[in-house]
Amino acid sequence: MPNSNRLPLDGERLLIIEDEVLIALDMEATLLDAGAENVELLTTRREAMANLDGQGYTAAVLDIRVGNGTTYEIALRLNDDNIPFIFCSGQDLSADMRAKLPDAILLRKPVMPSDLIQGILQAIKQRA
Amino acid sequence: MEDIVDPPIVGIGASAGGVKALQAFFEHLPTETGAAYVVILHLDPEHRSELAAILGNRTDMPVTQVEETTKLLPDRVYVIPPNRRLSIADHSISALPFDEPRGHRAPIDSFFRDLAEQQIDSFAIVLTGAGADGSVGVKAIKEAGGIILVQDPTEAEYASMPRNAIATETADFILPISEMGQRLIDLLHSRDQIKPAEVREAEDESIRRILSHVRVRTGHDFSQYKRATVLRRIARRAQIAQKESLADYYNYLRENVEEAVALFGDFLISVTTFFRDPKSFNALAQQVMPRLFEGKSASDTIRVWVPGCATGEEAYTIGILLLEEASRRDLRPEILVFGTDLDAGALASAREGRFPATIEADLSDERLRRFFLREGDHYRVRRELRDIVLFASHSVLRDPPFSRLDLISCRNLLIYLDRDLQQQVCNIFHYALLPSGFLFLGTSENADYPNGSFRPVDRDFRIYQPVGNSRDRRYFLPIIMNAGRTADHGDVQPRRVRTTDNISDAALHRQMLERIAPPSMLVEDTHRAIHLSDSAGRYLQPSGGPISIDASELVRPELRFDLRSALHRAFERGEPTLTLPIPVQFDTSLNRVYLHVKPVPQEEGPATHALVLFIEGGPVESIGDVPELNDRSPGLEQLQQLQEELQLAQSQLRVMREDSEAATEELRAANEELQSINEEYRSTSEELETSKEELQSMNEELQTVNSELKLKLESVSRAHSDLQNLMAATDVGTLFLDPSLRIKRFTPRMTEIFNITSNDEGRPITDFTHRLDYDSLADHAREVLRDLTPIEHEVKSRNDGWYLVRMRPYRTMDDKIDGVVATFVDITRRLRAEQALRHSEERLRQEARIVNLSRSPIFVWNFDDGIIQWNRGSEELYGYTREEAIGQRKEVMLQTVVPGSSFNAVKEALLKNGNWSGELQHRTKDGRILTVESRIEMVTIGDCKLVLENTFDITDRKCWEQRQQLLMHELSHRVKNTLSVVQAMARQTMRTSESGQDFLKRFDGRLMALNQAHTLLMNSYWEGAELGAMARAQLKAYLVDPNRLSIQGEKVILPSELATPFGLIFHELATNAAKYGAFSNQKGHVDLKWHVDKQSEQQHLSVTWEEHDGPIVVPAAKEGFGTSLITKALPGANVNIDYRPQGVVYEIELKLPESGPNSAEFQPLAPGR
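These protein sequence lines map, in sequence, to chains A and B.
Residue numbers are given in UniProt numbering: position 76 of the first sequence equals residue 76, and the series is strictly consecutive.
Residue numbers are given in UniProt numbering: position 416 of the second sequence equals residue 416, and the series is strictly consecutive.
Calculated from the structure, these hints are not laboratory results.
Treat the numbers as computed from the prediction; the structure is a model and nothing was measured.
Ideal placement from N, C-alpha and C gives every residue a C-beta, glycine not left out.
A hint or two may mislead.
[Unchecked claim] Partner residues are not named here, just some residues of chain B that face chain A (Cβ under 7 Å, in silico):
no., residue
1, R105
2, R829
3, L831
4, H973
5, N977
6, T978
7, L979
8, Q983
9, A984
10, Q988
11, K1128
12, A1129
13, P1131
14, A1133
15, V1135
[To be verified] Beyond 12 Å from chain A on every Cβ pair, some chain B residues (computed):
no., residue
16, D6
17, R215
18, L368
19, E970
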């Protein structure tokens, strides 16, 4: 839903990895409202790993625990590919991951829509 | 007999062992003896004396301790108080403090000396004692006429005091105590018989006889000794001999040879001490001694004579003063002190120079040190002093005196002599002294008799110097020599010089003859004048020069020539001569004198004496009448006379020469004799030297033996004291019995068992009662003696104690059996302890059983080694049986792990604190790792460290804790997630709601759907939900009418991540149907079907929602939230919507997860499963 006004996430291509559908749908709506050009919703890790390369994501929102596992492997891939991302979860990063990704931004659920947008923008800024 | 009031006094001295001796003495003494007894004992000055009380038990006489001056009464006993000496004066006795320090005191001597000064009847008794106290005192008493009794030293407990008293040679009786009383009574009785004061003139004859008897026996004449002294001494001897009269005694004296010697000894008794009368000696030292040394060179000699020196004290005293004076001067002339006495015994002891220790009282410490050498109870004069004093047997009256003396000290002789003899002796002293010499007399004497021959230097202290020149002195010598000669020849004619009142007829005749006859002179053959008649002095005129007693030198010069020739003729030829008249110039007139010399006829041989008669004729009328002496022209007669005289002189000369030759010959012989004697002396001296060396070597040997003995004695006494201490210290009752079971010795503990005291040693043990139930004690002791094997018994005592009695034979050092040693060890406590031990062992066993059966794992291991106890609880927990566990190292068998520490740290903590508690991990026999709470305690028993460990399995509790923590995390996560979901749901519902009412209705519906799904999941503990149940729960409202909704499908369990979306999807489908589809009219119905395709490994689920007979389907212009939820809610699902006109059909296909519904996501919940 293009908007003539300049929106915060104008033109961004975003990836959401969240196994809770209701939350994922809400985030998608929020991000699209904030001007994102495209939002991809993925609910399983397997999907995510298969759909990372060549999609042109400009940023990602990751739940930590997805299905039976975690999104740490994905986060490390994103980090290697220099794609900005934030964590959005009810739990903490493991100590191991905190050490590997000292600058990673973590938003605690439940998240206010404005916080989510700000978090993404900050992550993009870090990588700029 | 007049003073019955004053009793005789018996002084009794005793020391060590004296109390017993005194008791025995008084027991043997009757009560009424008439004497007063004074007892002097050496008492401890610090303690009260019980002596009076003790002696009071043995005699009926009153016994008093002298406290103040008391008059002495007969038949009483007076006892010395402690720390006092007794003094007696005027029949009163008093106790005075000592002048000397302790250790130098001699109370017995002191009292005896006092007693002697009283000049009353006294007896001295010396009993047992150590030391020499009393020995000086008995001499004093004896001198004063007292009688000395001494206890027989062989009987005395301590023989030293009696021995020393006997050594003074004054003891009259040496008796055992039992005989002493009777002897004393006899003596007291006989004392009444002869009293010196009562000797009548009539008895003079007896005394004279006695004295002449003594003179015959001993060669010493005491007739001129003081009568009182002589009488006292004779009376004393008579008393001792128990003779009742002097006549009886005289007979006794004649019959007993020894008695004369004893009486002689008594006559000579004299008492001297060192520095007797110290003030006098002080005066002597200050006034005389320095002057003796004046003008003397080293080669000169100071000569001193001490006549009547007795045992030498006076001579040594003078010697000490001289040596002290000499040491003050640089020059030391030779010093010679002659001590002379008649008494050979006294001289012998003087020569020995050994004096009793009691002389300490008379000599200063300094003098004692310098001049004496301590030898046990005695002092010996040092060599320095001994060498200058010479002792010789010599009679002042009989023997020629010493001459050229510087000092004569005669303090103890003159008082015994009568006045005439005193005068003679003074003359002798006058002769013997140098003009510069001194005479030192006793305090009661003086030298005033020969008037003017001595002048006092110090009258108070009786120091005199001779006056007159040597010629005057020589004048007296012939007389003395004469007197001496008389005695020498044993001439019976006595007392020539003495004038006596009893003139016999013969003497009267002689006097008359002398008075009538012409003056005469008796001359002996050596021409010496021996005797002069009363009137002969007229014809004498001694010539100048040295005094001579040659008759021809003595007469007037005119008579000399004629007398010489006449005497010559008389002795050479035995012819009498009557000279021509010789004119002699007397004071006023010139008279003629005829000399008639007549030899006294002898029965044979030449005459030894001649009488010279001086016959005086008339005066010479004219010079011509008689030849003038100074006539220058001698007449013929005179010439003839001269020739005769010459011849006479020549013949005289010849005789003289012959005499001289003979004398030379004699001298030569004497010289030879002397030489031979000298040789003898030398050889004797060598022999003496040899025997001295022998003595020395023997002495050394003795010393060696002595020191060995001393060492041995020391070790014996040390062993003895060890034994004493052991006996006193030991806690074990020990009893030594001899072979007849008499008590030899026992330790103090024995008195607790037997009723014995230390006085019971020597009594049979069977006489005593004891507190043991042990009647066979004596039998057992005998058994031990018989079999020589030790016996041991535990014996009960009557006060509930127990004793271990051991008896073994007593073996002497040389392995003889000499009795039995019994020891009594109190084992009451040991037995009680044993009992208590048994009790506690029993209890311990009980407790051990309880521990063993306990379900709680308890085991014991040795700190340095393996397990030693392993109870049932341990077997159950760890799976190892007791047999397997014991001996194994606990940490190896159980593979102990201490979380956060190490097993070694635990062990260190045990060593430090003795206990430890905490968590451990142990491994069971089947390999399980258990976490246990362990409580460990270490007990050290001896050198074995036992560790008790009690473990408590907490593995399950640990699991639960972990699981709970996980759950908490999960819950938190889910709540947050759920809230996010609700948030998202609210926001999405909001987006598509037309109004608040609409939102509320939709939101409620969705929330309820979510809740339904959760409820189902909750029922399965979030493990999954059954698809049919889920559908029925969501579509409950439409199931009321089976025509509207049919549900068909097998049982499919959905995992939780699928269950919730399905719930929501069913809700949205029903909502959509109710709004637009089959449920919105009255006739429409829905078919819900599913099935699972199990072709491959993957389970494939197909769900179909098919609506029928609803309103005509119009596809929605815009996809609402509900629809996008349906299509997107299931990840990986394929959702197909077919809008058929008769009704919408939803087809959902998806793969069920491989692990199936049971592979839940909560893996940690069941670890190890």
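Taking the hints in turn, this is what the structure says about them:
1. Nearest Cβ of chain A to the Cβ of R105/B: about 110 Å, over the 7 Å cut. The hint is violated.
2. Hint status for R829/B relative to chain A: violated, with the closest Cβ pair at about 71 Å, above 7 Å.
3. Of the supplied interface hints, the one on L831/B is violated, with its beta-carbon coming no nearer than about 73 Å to a beta-carbon of chain A, more than 7 Å.
4. Evaluation of the H973/B hint against chain A yields a held restraint, the C-beta minimum of about 5 Å falling below 7 Å.
5. Taking 7 Å as the C-beta cut-off, the interface hint given for N977/B holds, the closest approach to chain A being about 5 Å.
6. With 7 Å as the threshold, the beta carbon of T978/B stays out of range of chain A, its nearest partner Cβ sitting at about 9 Å, so the hint is violated.
7. This hint holds: L979/B has a C-beta 5 Å from the nearest C-beta of chain A, less than the 7 Å allowed.
8. A distance limit of 7 Å between C-beta atoms decides the matter here; for Q983/B the minimum to chain A is near 5 Å, and the interface restraint holds.
9. Because the beta carbon of A984/B sits about 3 Å from the nearest beta carbon in chain A, less than 7 Å, this interface hint is met.
10. With a least beta-carbon distance of about 6 Å to chain A, the hint placing Q988/B at the interface is held under the 7 Å criterion.
11. Among the interface hints, the one on K1128/B holds; its C-beta lies about 6 Å from the nearest C-beta in chain A, closer than the 7 Å criterion.
12. The beta carbon of A1129/B is positioned within 7 Å of a beta carbon in chain A (closest approach about 4 Å), and the interface hint is therefore held.
13. With a cut of 7 Å, the hint placing P1131/B at the interface with chain A holds, because the nearest CB-to-CB distance is about 3 Å.
14. Among the interface hints, the one on A1133/B is violated; its C-beta lies about 10 Å from the nearest C-beta in chain A, farther than the 7 Å criterion.
15. A cut of 7 Å between beta carbons decides the hint on V1135/B: the least distance to chain A is about 12 Å, and the hint is violated.
16. No Cβ of chain A comes within 12 Å of the Cβ of D6/B; the nearest lies about 136 Å off, and the non-interface call holds.
17. Annotated as non-interface, R215/B keeps its C-beta farther than 12 Å from every C-beta of chain A; the closest such distance is 150 Å.
18. Residue placement check: L368/B keeps its beta carbon more than 12 Å from all beta carbons of chain A (closest about 111 Å).
19. In this structure E970/B is not separated from chain A by more than 12 Å, as the shortest Cβ-Cβ distance comes to only about 10 Å.
Of the hints listed earlier, those the structure fails to meet are numbers 1, 2, 3, 6, 14, 15, 19, in rising order.
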